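Going line by line, the protein sequences match chains A and B. If you read the first sequence in the working numbering, its first letter stands for residue 1, the second for the next number, and so on. If you read the second sequence in the working numbering, its first letter stands for residue 1, the second for the next number, and so on.
Keep in mind the hints are simulated off the structure, nothing from the lab. From a predicted model like this one, the values you see are computed outputs, not experimental measurements. Certain hints may be false.
Which copy is meant is left open, so a pair is good if it fits within one copy or across any two.
Taking lysine to any residue and the SDA-like style, the derived pairs with C-alpha atoms no more than 20 Å apart in a straight line are [said to hold, decoys possible]:
(1) K18 - V546
(2) K178 - Q146
(3) K18 - S168
(4) K178 - Y25
(5) K18 - K178
If you want the building blocks of each chain, they are given just below.
Number of protein chains: 2
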Amino acid sequence: MTHPLLDQHRATLDGALKAIATRGYWSPYPEMPSPKVYGDTAMDDGKRAVAALTGTKLELDQPGVSGWTAADRSPYGVTLDVQYPVCSVDALIAAAEAAMPAWQQAGIDGRTGVCLEILARINRRSFEIAQAVMLTSGQGWMMAFQAGGPHAQDRGLEAVAYAYREMSFVPGQAHWEKPQGKNPALAMRKEYQVVGRGVALVIGCATFPTWNTYPGLFAALATGNAVIVKPHPASTLPAAISVKIARDVLREHGLDPNLVQLAVVDEEATRALVAHPAVKSIDFTGGPAFGRWLIEHAPGKQVYAELAGVNNVVIESSDNYKGMLRNLAFTLSLYSGQMCTTTKAILVPAEGIDTDAGRKSFDEVAADLGAAIEKFLSDPATATAVLGAIQSEATLKRIEEAAAVATVVLASKPVPHPEFPQAQVRTPVLLKTDASREGVYMQERFGPICTVVAVPGGAAALVALSERIVREQGALTVGVYSKNEPVIDAMVQATQRVGVALSINLTSGVFVNQSAAFSDFHATGANPAANASYADSAFVSNRFRVVQRRVHVAPTAAAA
Amino acid sequence: MTHPLLDQHRATLDGALKAIATRGYWSPYPEMPSPKVYGDTAMDDGKRAVAALTGTKLELDQPGVSGWTAADRSPYGVTLDVQYPVCSVDALIAAAEAAMPAWQQAGIDGRTGVCLEILARINRRSFEIAQAVMLTSGQGWMMAFQAGGPHAQDRGLEAVAYAYREMSFVPGQAHWEKPQGKNPALAMRKEYQVVGRGVALVIGCATFPTWNTYPGLFAALATGNAVIVKPHPASTLPAAISVKIARDVLREHGLDPNLVQLAVVDEEATRALVAHPAVKSIDFTGGPAFGRWLIEHAPGKQVYAELAGVNNVVIESSDNYKGMLRNLAFTLSLYSGQMCTTTKAILVPAEGIDTDAGRKSFDEVAADLGAAIEKFLSDPATATAVLGAIQSEATLKRIEEAAAVATVVLASKPVPHPEFPQAQVRTPVLLKTDASREGVYMQERFGPICTVVAVPGGAAALVALSERIVREQGALTVGVYSKNEPVIDAMVQATQRVGVALSINLTSGVFVNQSAAFSDFHATGANPAANASYADSAFVSNRFRVVQRRVHVAPTAAAA
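My request is simple: use the sequences and hints to build the entire structure.
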């Protein structure tokens, strides 16, 4: 007998299980914000729901509340002032531990069903969550809806599907019968119980408060663990709404809502959570400094970390020069390059490239890319919709300082936002430099800052530099443009050696910085940018353990 | 087209895949040392092969040989004096790294086929390896044959099966096609390559030089990594023979033999191997001191560690008192308790127990167990066959010192060995104490030392103490004897909370310290005794990563 919630969502689970095995295109959560799907009033309802929260206390009914704090900061200049409960580390941990035994007893089917129900409820609130994502992260609205809504839900579902696959491979029981020659066989009944490792901590980032939080949250929850979600302070609201939905679903189904808790805590308390012996796994998306501290200070804990890197694109030649420039211009502009997958360095032969539009010198390639970005963003409505706003002061500062780092191909400009006059909108900076000036491009400059690098020494040098950047700095994405199969092959080999995903000759509607759930593995876990991937077996299989018991039973076979 | 070696061993792989899914009894490697299976001369051949190695250089043709050393020490007092090449850490690492790309290109089927062939060849040399295991570890001959031969091979095969299952779940390629409404669909071909994480280090132990080495060795090798096997110095020979077989198979199939290398190095070089940036995973079986150093000093590396614990058995009551005593006497005697799974503490109600042989006081239970051990070992031939020899000086010392720790129920005695006059054979020490004297039993005393603990407070106190021992000290095995379902249920709940395998009322031919491949998970990874299990998805799935590439192709569907 399966769990009623699993029966209800069986088609979604089956679809996800098929998708992770075949890795074609699939999603149960429509990415178009269509009134036909989400309801005629969905857009207004979502905006109203977020507006109604302004200045109020978001009640989560969590234990150990010592006060209330407002943490969100809107790059659009919108005042949110939503108050969140501040709970003590000890209270959060104690409540999480107390909630786990019954969650374990819910079994694989029960937990999976509950997770699918939470995702379905989150999906129905996509407009509200999108509004919260947009206002806190600075994403443009459409991106906030898609990446913060359905695409984030896809990533959560993907994690649930992997967890279900791995957990259900463990049989609930087995009959073991070992022949003993002329004597009766030895026979045992063995029972196997999947148990969560222990309290899971999921630390979110400011730019993708749902997309980078749901995978760890649902992977840990589905595998039998209580989860403490610690959002980035500036983007607390989307996580808080998601946690509240999860708690509502758990409560409605007779489970302890403290299986999912929100930790609105400072850095000291975050470090205390990391170090707490009850915390057995940590998911983290964010800067390499804290990430490395985490990996070094959580010995014996499972850490799933996505840090940063220097994503790069190699342009060796092109049979669609205009398409390539358009494609790269979009990549560099989208969300002002504030994606962990945005290209940071573009490697071009110092001697120029062959294209379908004739030979192009290095300087021409750089200038043409700058012009393509300028043209793409020339319409202010497109510009504000695509760029969104700059999430942090640190990124604004980096943009200002970028002009002093190298030769400026295209300078960053502020763009006024018609709807949000205080929004900090900036166009990308494009720099160029020689490969010898490694200080310019051999580091991540988070935000809309990209450097075109002149690389002497032909195709082999391009490939070698791309590989070395990934080996030393890490990367989530690498792209290559080339008309020559040997060059593409060399990039395939190099990216396999160094462990990074490769996009080849993207010139139309797929971009190097995009990663589709169920099909694209986001990060490989094989280079310094991340030690895990969304999502694969490794992302879920060590979040639970198997505890067995065995007892003698009568043998079924006659003695030989 | 699959690999010819995979075709050849397909039935073995299919059997293993079925076995890990159903977890019934299964093995392709006969555990009986029958001449019908292994050949009429197998026993003599095996002994002769090992004897022929005495005083010779075991040539492995490894790189960077700086000298030769003999490391083995036989608890039977047999001189082995096999010389092994000493290779520099840098040479081993460089050779391992150089060997990996072609191994990766061999693909999932190729690597699996080669691993199965290595195992088949190891199986054919079971008598030789058994002889090497016996002479170095001190195991009795039959145990050395079974645990060091077929059962170890089973555990290696189990790891290969899990690795194959997880790797083959990743499709080689996918067609991804996303509808675009009235526009043509976006379509891409995606290719997914399984790549090993990097050089794997497998650190073996002195007592089970093959059983505890093969799982990590084959899990790492099958998933695309080069493996450096670092045996315990005292038991180098069984690992060296296994490594030589692996290297022969690799060479014969056109692969780089340096995919499997032997590191006969001192502790300083071992620590250098652990710390080397190229080493990405470490399997370790051994003492908690080095184990904890390892877990703390290998940040960012995958560590699979089996340390130690205080395995315990709760005796609440019994409906087969004699069977229980016989069963425990065997467990405590087998290989002189030098198993990581041997019971170290037996928890008995201070007020005594109900049995089918009447009420037994605590002192009677302790005395009866002592008598059962004495009776079981009264025949010298049985005693030497079951006890084997004491592997280390440290264990001999612990046996001597045990008598001063608590009240002696049964004293340890030396047993002369007819065949090996210098063999250090000892019968077990049985101690008894009150639960209040935690210093006596709340630590592992490795070897044939077990304490019967008088626990006041009824069944609940027994269960609570068993749980606390596992939580604080770790355990690989827990047993319970009880006629009362509520007590058994309480033990089931407790062992699930604390994450340890439970054996219930073992009175016949299965023993708490035995773990059957494909059916019993050895260790849970959920308590301090170990952070991993033989074998499960978690044991293999993070040893490889997936690197993808994607490129546009023509859509197959017409636009909507």
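To see whether the hints hold, each was checked on the structure:
1. Taking identical chains as interchangeable, the C-alpha atoms of K18 and V546 lie at most 20 Å apart only when they sit on different chains, with a minimum of 18 Å there against 25 Å within one chain.
2. In this assembly of identical chains, the alpha carbons of K178 and Q146 lie at most 20 Å apart only when taken from different copies (15 Å versus 55 Å within one copy).
3. When the C-alpha separation of K18 and S168 is checked against a cutoff of 20 Å, the pair qualifies both within a copy, at 15 Å, and between copies, at 14 Å.
4. For the identical chains of this complex, K178 and Y25 are inter-copy neighbours only, at 6 Å across copies versus 46 Å inside a copy, given an alpha-carbon limit of 20 Å.
5. With identical chains, the CA atoms of K18 and K178 are at most 20 Å apart between copies only, with a shortest distance of 16 Å across copies and 36 Å within one.
Going down the numbered hints, you'll see the structure goes against none, and every one checks out.
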